[in-house]
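Listed in order, the protein sequences are those of chains A and B.
Here the first sequence is numbered in numbering that gives the first Met the number 0, starting from 0 and rising by one per residue.
Here the second sequence is numbered in numbering that gives the first Met the number 0, starting from 0 and rising by one per residue.
By construction, these hints were calculated from the structure, which means they are not laboratory data.
There could be a bad hint or two in this list.
As the list claims (entries may be wrong) - Here are the computed lysine-lysine pairs in the DSS-like style, where the Cα-Cα straight-line distance is at most 25 Å:
hint : chain 1 : residue 1 : chain 2 : residue 2
1    : B       : Lys25     : B       : Lys12
2    : A       : Lys28     : B       : Lys92
3    : B       : Lys85     : A       : Lys28
4    : A       : Lys28     : B       : Lys12
5    : B       : Lys53     : B       : Lys12
6    : B       : Lys345    : A       : Lys113
Unchecked claim - Part of the chain A face toward chain B, derived, beta carbon under 10 Å:
hint : residue
7    : Leu18
8    : Arg40
9    : Thr42
10   : Gln56
11   : Phe64
12   : Ile102
13   : Val105
14   : Ala110
15   : Glu117
Backbone N, C-alpha and C define an ideal beta-carbon position, used for all residues, glycine too.
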Amino acid sequence: MFVLSGYEYLLGFLLVCSLVPALALSASKLLRPSGGGPERRTTYESGVEPIGGAWIQFNIRYYMFALVFVIFDVETVFLYPWAVAFHRLGLLAFVEALIFIAILVVALVYAWRKGALEWS
Amino acid sequence: MTTGIDLQGSFIKSLIDLGLPAGAAKAVWMPVPMVLMLIGATVGVLVTIWQERKISAAAQQRIGPEFMGPFGLLSPVADGIKFVFKEDIIPAKSDPWLFTLGPIIVVLPVFLSYLIVPFGENLAVTNVATGVFLWIALSSVQPIGLLMSGYASNNKYSLLGGLRAAAQSISYEIPLALAVLAVVMMSNSLSSIDIVEQQSGYGIFGWNVWRQPIGFLIFWISALAECERMPFDLPEAEEELVAGYQTEYSGMKFALYYVASYVNLVLSALLVTVLYLGGWESPIPIELLAGWLGISETSPWLEIADASLGITMTVLKAYFLVFTAILLRWTVPRVRIDQLLDLGWKFLLPVSLANLLLTAALKLAFPAAFGG
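Only chain A is shown next, with the shape it has when bound in the complex (with noise of 0.2 Å):
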């Protein structure tokens, strides 16, 4: 039935785990008092009158980091079967990923030079 043995326990478990918020959100929908005037559902802003939404055009300071971090985790992804199968693979290895890291590291100090690596 399953391809990979041993991951029916992760579908199970993702059943049993997903009755914990289940659970706490219908019993609390039971006990819970409901009501209140509209005043009570207004967008928190320090207690005065909200101005404006959040949803507008937004500087997304960190995507040059979302752009960095999805080159290195690929990297990652790349070296877990090298770290895995390592030591059935001896010096030569060693000396690829040491290649491949090092045009990353080139990436990295390329981005840290550029600033892409700054938050302001």
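Let chain A serve as the given structure and place chain B on it in line with the hints.
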């Protein structure tokens, strides 16, 4: 080397002896470890919340909770009951579906990660071959929930908090994954059970922390940042952003965030235990102790003692780490967002890459000491 207690095998065998078919017996067994693990995780959270209050109080020379149950032990339970009765407020301008889905997406992967936490050779929900990699994958799901709730609230504080939370977790995910990678390289396996077994045999001297001191520090710092613990709790920096992405949440949905952050803390401590502090292994190998006391290695009593000692050891080590995390909260000031990102990208990332290459080089030079 004893193989440890085999609850699953004996449970299924006794059901088959009662006349159940093998498939049904296995199906009856399946939810048992899951539910036990879930209950364990929940109790662990309650204990951690109580511990946090007591230790915080001690750090500030107060008494802390003392009236709810003995030593205030029931105060987290009282919290839970209070949360259940609290009104659920969904802001009028928010997106109600995403607003509700956010905390659920945050809490699910954290609980699901307990799948790979072993408390003994056969005392885990299951031994999946991808082990720690599965945990890394699951922990990447959480920022989506944070971003979702930050955006769905339609509140400026929430949006900024959500963005910060996402930036923070992606910045510390790579050092975390690279630190795990160095451990994986030493054990030649991703399975958390194999990682612990590789550290067994020499008692406290076999633990990975001696061979991976840099990795241990990188992992613990990054794990604290992923949990948004105090030196790194910027997304909810209360004097700047009210409560970050949690600003609009109340009642049970807020409680889900609260629980998720503590489950994450305990989980991180458990994973540090598994990866660096020898998991269920005791500081003095149990075979040695049994030899001193003159007990045969195959006696059933030793198996039970071994299993309970394993669970106790795992929990003790994890709670020692939780204790250090709570003390850190009261001794280290909060960092700024640019300092936080600098630490992640300009310090931890290069150091963790160097640590990985160092481990590989040492493994080539001394294969016997680094897992063959």
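Comparing the hints with the structure gives:
| no. | hint | verdict |
| --- | --- | --- |
| 1 | B/Lys25 with B/Lys12 | 10 Å, holds |
| 2 | A/Lys28 with B/Lys92 | 21 Å, holds |
| 3 | B/Lys85 with A/Lys28 | 10 Å, holds |
| 4 | A/Lys28 with B/Lys12 | 42 Å, violated |
| 5 | B/Lys53 with B/Lys12 | 45 Å, violated |
| 6 | B/Lys345 with A/Lys113 | 13 Å, holds |
| 7 | Leu18 | 8 Å, holds |
| 8 | Arg40 | 4 Å, holds |
| 9 | Thr42 | 5 Å, holds |
| 10 | Gln56 | 12 Å, violated |
| 11 | Phe64 | 6 Å, holds |
| 12 | Ile102 | 12 Å, violated |
| 13 | Val105 | 12 Å, violated |
| 14 | Ala110 | 9 Å, holds |
| 15 | Glu117 | 7 Å, holds |
When held up to the earlier numbered hints, the structure conflicts with 4, 5, 10, 12, 13 and fits the remainder.
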